[in-house]
Amino acid sequence: MKPAPRLTLNENRFFDPNPSVRKIARGLYESVRHLPIVSPHGHVDPNIFVENKPFSNPTELFLIPDHYIYRMLYSQGIPLELMGIPPLDGPPSERDVRKIWKLFAENYYLFRGTPTGAWLDYEFSVVFRVKKKLTAATAHHIYDEIYEKLQLPKFRPRALFEKFKIEVLSTTDASTDTLEPHQILRSSGWKGKVIPCFRPDGVTNLKAKNWKESLQLLGERVGKEVTSYSRFIEALENRRTFFKSMGAVSTDHGVGSPHTHELTLGEAEMMFQRALKGGATDQDAVLFTAHMLMEMARMSVEDGLVMQIHPGSDRNHNRKIHEKYGTDKGCDIPMQTEFTHNLKELLNKYGNDPRLTVIVFTLDETTYARELAPLAGHYPAMKLGPAWWFHDSIEGMARYRSMVTETAGIYNTAGFNDDTRAFVSIPARHDLSRRVDSNYLAELVARHIVDLNEAEQMSVDLAYGLAKKTYKL
Amino acid sequence: MKPAPRLTLNENRFFDPNPSVRKIARGLYESVRHLPIVSPHGHVDPNIFVENKPFSNPTELFLIPDHYIYRMLYSQGIPLELMGIPPLDGPPSERDVRKIWKLFAENYYLFRGTPTGAWLDYEFSVVFRVKKKLTAATAHHIYDEIYEKLQLPKFRPRALFEKFKIEVLSTTDASTDTLEPHQILRSSGWKGKVIPCFRPDGVTNLKAKNWKESLQLLGERVGKEVTSYSRFIEALENRRTFFKSMGAVSTDHGVGSPHTHELTLGEAEMMFQRALKGGATDQDAVLFTAHMLMEMARMSVEDGLVMQIHPGSDRNHNRKIHEKYGTDKGCDIPMQTEFTHNLKELLNKYGNDPRLTVIVFTLDETTYARELAPLAGHYPAMKLGPAWWFHDSIEGMARYRSMVTETAGIYNTAGFNDDTRAFVSIPARHDLSRRVDSNYLAELVARHIVDLNEAEQMSVDLAYGLAKKTYKL
Amino acid sequence: MKPAPRLTLNENRFFDPNPSVRKIARGLYESVRHLPIVSPHGHVDPNIFVENKPFSNPTELFLIPDHYIYRMLYSQGIPLELMGIPPLDGPPSERDVRKIWKLFAENYYLFRGTPTGAWLDYEFSVVFRVKKKLTAATAHHIYDEIYEKLQLPKFRPRALFEKFKIEVLSTTDASTDTLEPHQILRSSGWKGKVIPCFRPDGVTNLKAKNWKESLQLLGERVGKEVTSYSRFIEALENRRTFFKSMGAVSTDHGVGSPHTHELTLGEAEMMFQRALKGGATDQDAVLFTAHMLMEMARMSVEDGLVMQIHPGSDRNHNRKIHEKYGTDKGCDIPMQTEFTHNLKELLNKYGNDPRLTVIVFTLDETTYARELAPLAGHYPAMKLGPAWWFHDSIEGMARYRSMVTETAGIYNTAGFNDDTRAFVSIPARHDLSRRVDSNYLAELVARHIVDLNEAEQMSVDLAYGLAKKTYKL
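Protein chains in written order, with this note's numbering: chain A, 87 to 559; chain B, 87 to 559; chain C, 87 to 559.
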């Protein structure tokens, strides 16, 4: 029997094979590799730091919460049942976490050439010091190895947070959230900085699931029932103030389309009342969302919270999976997205105002060079978010830099976001990003487009400075 | 006078010039270069193997049947008349095949940097052992050289089929085709495997040219006049069974848009009756096509034929050429194509069913990373077809791998298709594909994204395994 | 204090770092670097050659006329006021050109990795022999250095024209222009060839600003009031004849969409009359523009002027800037553009006619491989313009060649355009283009796709021959 292949991460991984580029890339990377991590946008559950309990086991740490992973196994015909994904109406049908881990290991080859594979290898190798590649043969041994480590104090959430050198971690929170974990953390004496981000989609989208309930909750949070559009605006302003008092620096808006359009007060009130009666039309929801982006920009001008727009995902494309398992199960599919016309009203009203920062993301790479870089390269308020989701990858980031920089420069971009639910993947994702950006800059140096001294400054900005500055951290 | 330049194919052609990448690429390529050819989708006329006669002459072998070639000459102002392309209503105006060959040779420089140029050089050099480049000066000599070879038994179609190591070759056939050549070949004792593919566009598109005549023919084939929608469905099921009995493993659907939508039985019957009376509207045709994609998926779930969807070509864009010369004359132009919404109904109904394989192709590269890789990276039934037509090229394939792999991996892709009418180009096209994929994998190895051992397995899968597996061959 | 960094342009800049590619690229570049410049499309003011006065100062030479530059500073929150951009209604608020230059220098780092940065470095280094990088510390010294040079006879416009080896320079002129500067230059005895280009957007777009006034002026120019559509057509034909007599070889059409559609004479007259009465609808303007593209193609067939279509910019996206400062202030944003359907009517009517040359440009790179290369690779009349505006850059040109060549070859492309208002940037832009194309060809050679001898011919065609041939110069 062949010995299991060793898992070793080459120190020059992801760099161009050309020796002169590689040498420059490596140098640039070494100068930013150990910089603190600024994570201004993500989805880690803050309760893990409140509780600070050991992670339960490798399967529940890596596989079950990460739709990047089980999406791929599902695409090859492996039912979610066998992966232990819990259906909405009960416990998972497969509860043997070792068996699930084995299945994952057998199919680990599917991740060859994917960023998920690169992140996992980093997590196994750097975070857990695993020395063998994950295969069917090594599955149980690696499971045990990681499991044992998880019991150690230094693998608890807060210890890892510190080990990862996270300077600040932003969560993403509903407008109705109490932010209780954030409150506890602030008064706990622990120095880790975990801040909330205000994401009001559940109430600004008139067709959101449980909209009515969310609205009622919003009323409870502000101590005043939300019976009208004007009270709704008041409640949101109130909540933003609260979020800001809890350390929030940003808001986030997940919308189908980035369409922006201001309604009259009368129109807004009418639609809101129709929605309260359960009669909101699809058209209402579209227009109201477009209007609320305008309102959110107005509030950001006033309170200084950085506005983030994340458009263009057709969420829950696969109805069967959605109905059985709920949201975020790997079946969100990007759509073509248009920005030039859609953002026009918002940018005309607020885009010249230096008090506003609006960071725009896209899942439609065709808009990088055509629409987003020209917009960000003109309007003072607009910055371009990093390569997002499916494009948060080696090739995806390379395309982003290649299509954005020549028109917008790097100084109209917002640095890196890890955008992850998988806490342990944070250092892996930042490391990959730092490597890819170092390589991008090295190519510029090797082609004599910038000189090394300039690249060194740009490198620090891309890895650390721009995120901090853009998010006002 | 300068001697004519030599035609030599460099053994490292198409590989990255970086020595370390090139060395790995070459190694990977050598391990797959001689693997048998699986050609699961193409347009070679099966009668050439039935008749097994010598090809007539170089002009009629290379130029006249290949719209990839005369398209380019036409774009530079050379009339199709001068290239011997036969108009629909009579013989070609230029019948001097040597004169046409000379014209082709004079303009051969137009193909610099194109895949057509690369394929032709391979055919001249590897298949026909031509030693000089094709120019005005060498035109007649090369004509004679090839002409003489064509008279030899080893250059007859069946001999070439064997020499090319074709394991299986799929043709593409109308639903009304008798498959007589396939029948003859099966009973001929010749071992070459030539299988049909069921392409019912001529009857599923209510606006297809000669739809009524095709429908009548369909009725004759199944021995039952097609007077209703339900009889139409029955006839198609019947024909699929027949195709399958003749070795078919797949169906193919050339549609303007990949829109999928199920009609009620009543709606379908109504449109069908309207079409029978010659009154189908454009809207009818669009909806009926969308519905027939649903029906074809349903039948594929039942009979196991792999479904292929080839959307997005505006066929016969140039009316003058179409009216005078007919279809497939180099004037089909790609259109923007949308998949996320269009495939939603089909994927929701059948995409979770492991019995279905639906291979989706595109001429719109913007959909690779945005729509197709995320869809293929989630739905078990969906696989992504290779870079198609204009994108079946060195850069086109490189963009495909770069935009698809990080989200879908390689295991949700369908291997290579040559999709050609030009039989002699088959080994050229597979060789180019194997080189480009080897180079892609070599870059992954050189950048330490996968290791060599993994790349070696992936290489065999890309060159051979995936086509065989996806098409159930 | 650190000494100011030296400004040196590496002789291998922009070439691939791989030594074998670089060596070939350098060789190809050296053979075209000193070829004369053919500039068939641009926006230089011809009066500078008529007057031939010294340029006033560095700020007014480089910064104030160039929206590529102040766009970037504006995007970082620097008001146009501080950059001395004159508002429509009066003089600029900041008139201290040295202070503006300092501000520019302080922010020069924003151009790292942009083509504007590369062009400026060329202009400073090659044209003005500046030896230090532009920074806050060197700002005043460099200002003085350039200012002194500008006083020398050899830095006057005509001398620079000759020094730059400009063989021909086309301006872009309204249909109502007297072409007086062109007339003066022709009779001046100066050998510099400066020709006009006929751009009738101001009268063919029924919604153009001051349409009525432009129409009246058009009537004055032809000595016959334009009271009807037929007189309008007559006037345009008359003006084209005049432009041609003044050396024009081309027309130019800046349109929102490349939609082409022929109206009946009755429809055209009706819309024209409605516009005369001030009642043109938006729909009228769209259809009339589509119709005028057809008419312009018809006239080009007759008079041989090369037709250029520049679609897809949403001009003056930022209303505040537009209202205060006017057009061309860095706030034009590209839009998604469609060609396959939009150009169909024009190409069907005139695209097979060898007397027509229509050069199509795009700001939407997604159309290169999908629509434009297939169209240009088929229709004899159509050629593809070079990478335009935001895409006139190192990466932009590389993407253009990679996406266009395999389908259209290089011989259906139109060579390079500098398209600039900034006269001194002309040699910088041609040099960059020659470098990028040399590098593209070197990659083809190094990958054994073309051989060196072929690349040498292609190199001369890309740098010089194609522009000259396509524009009939």
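None of these hints come from the bench; they were simulated from the model. You may find that some hints are simply not true.
When chains are identical, the list treats them as one kind, so a pair holds in a single copy or across two.
Stated by the list, open to error - Taking lysine to aspartate or glutamate and the EDC-like style, the derived pairs with C-alpha atoms no more than 16 Å apart in a straight line are:
id: 1; residue 1: K430; residue 2: D400
id: 2; residue 1: K279; residue 2: D131
id: 3; residue 1: K406; residue 2: E431
id: 4; residue 1: K295; residue 2: E192
id: 5; residue 1: K435; residue 2: E409
id: 6; residue 1: K251; residue 2: D370
Status of the hints after comparison with the structure:
Proximity of K430 to D400 under the C-alpha cut-off of 16 Å is restricted to the inter-copy arrangement: shortest distance 10 Å between copies versus 23 Å within a copy. Taking the shortest alpha-carbon separations for K279 and D131, only the intra-copy value of 14 Å comes in at or below 16 Å, while the best inter-copy value is 58 Å. For the identical chains of this complex, K406 and E431 are inter-copy neighbours only, at 12 Å across copies versus 38 Å inside a copy, given an alpha-carbon limit of 16 Å. Proximity of K295 to E192 under the C-alpha cut-off of 16 Å is found in neither arrangement, the shortest distances being 37 Å within a copy and 51 Å between copies.
Taking the shortest Cα distances, K435 and E409 sit within 16 Å of each other only across copies (14 Å), while inside one copy they are farther apart (40 Å). Taking identical chains as interchangeable, the C-alpha atoms of K251 and D370 are never at most 16 Å apart, the minima being 45 Å within one chain and 62 Å between chains.
The structure shown violates the earlier hints numbered 4, 6.
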